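Enquirer: Here the protein sequences line up with chains A and B, keeping their order. Each residue of the first sequence is one higher than the last, beginning at -4 in this note's numbering. Each residue of the second sequence is one higher than the last, beginning at -4 in this note's numbering.
Simulated from the structure, these hints should not be mistaken for laboratory data. Just so we're clear, the structure is a prediction, and the values are computed from it rather than from any experiment. There's no promise every hint is true.
It does not matter which identical chain is used: a pair holds within one copy or between any two.
Capping the alpha-carbon separation at 27 Å, the derived lysine-lysine pairs in BS3-like fashion look like this [stated by the list, open to error]:
1) K9 to K127
2) K47 to K119
3) K111 to K52
4) K94 to K34
5) K34 to K52
Protein chains: 2
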Amino acid sequence: MHAIDQRLKSGSHKILDLDLSEVRLKDNQYFPWVILIPKTPTLITEIFELDKNSQQKLYSEINRVSQAMEAYFRPDKLNIGALGNIVPQLHIHIIARFKTDLAWPHSLWQENIPAKKYDAETLKSNTENLCKLITAKTNLF
Amino acid sequence: MHAIDQRLKSGSHKILDLDLSEVRLKDNQYFPWVILIPKTPTLITEIFELDKNSQQKLYSEINRVSQAMEAYFRPDKLNIGALGNIVPQLHIHIIARFKTDLAWPHSLWQENIPAKKYDAETLKSNTENLCKLITAKTNLF
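Work out the full structure, taking the sequences as your base and the hints as a guide.
Expert: Structure, rendered in structure tokens:
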């Protein structure tokens, strides 16, 4: 497998491995923010570079994680994005946004608000509960 | 069908209708930027609210448009995003980004660079050529 870029690992914690993607939680209590990183044999930068079967898996996993984020955080809006201008390795952001959050209505891909780390208990409960919700959803797309 | 939000229509031009989505080109020569707006009977704000069949169509259409953008503009990176913090009606951005563009490596969802409209000829050639490429791709996901 192509290694996950250190910049994607840094400041985030693994929630679980899905069939295609490693799912990680950014360690920032200001913004509930999950990243999916497809595990591929070679470096992939665009979704359309994945073979058809892997694309299906990716979309299914985006959906699964989106619904877990929705159920757990009850946000006003999800922000989903695949950018890669700075870290080219394909990764998909799924962020739970609130009208009351520090950056609303701006996107978070250009914000300079420094992250505030979770306390250990919240980090543990977030990763564990998201893991449960993501794996519990068996009847999805 | 639920009407397309005027803010999505404003400053953009229709390229074509796909099975699910209306595809529009933003009138901004600085950034090749297409928006897909799923045509739904009621207001939808999140991808997971679409039924399974419509989700499949949406992902297929994102892929189709992504590959047309890649073939036509030959960008360094695509930026794909579904945000909706300002206009909640579900819409997906697909933007062709270049290391030489005015905002690189920042995202464009928080940029304040005023749009520069296409000249009539470039607008016509972009919409026509993208339309051809999008419809020509018949063997995709």
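Enquirer: Each hint needs a verdict: does it hold in this structure or not?
Expert: Hint by hint, here is what the structure shows:
no.: 1; hint: K9 to K127; verdict: within (13 Å within a copy, 43 Å between copies)
no.: 2; hint: K47 to K119; verdict: neither (35 Å within a copy, 32 Å between copies)
no.: 3; hint: K111 to K52; verdict: neither (32 Å within a copy, 39 Å between copies)
no.: 4; hint: K94 to K34; verdict: between (33 Å within a copy, 26 Å between copies)
no.: 5; hint: K34 to K52; verdict: both (11 Å within a copy, 25 Å between copies)
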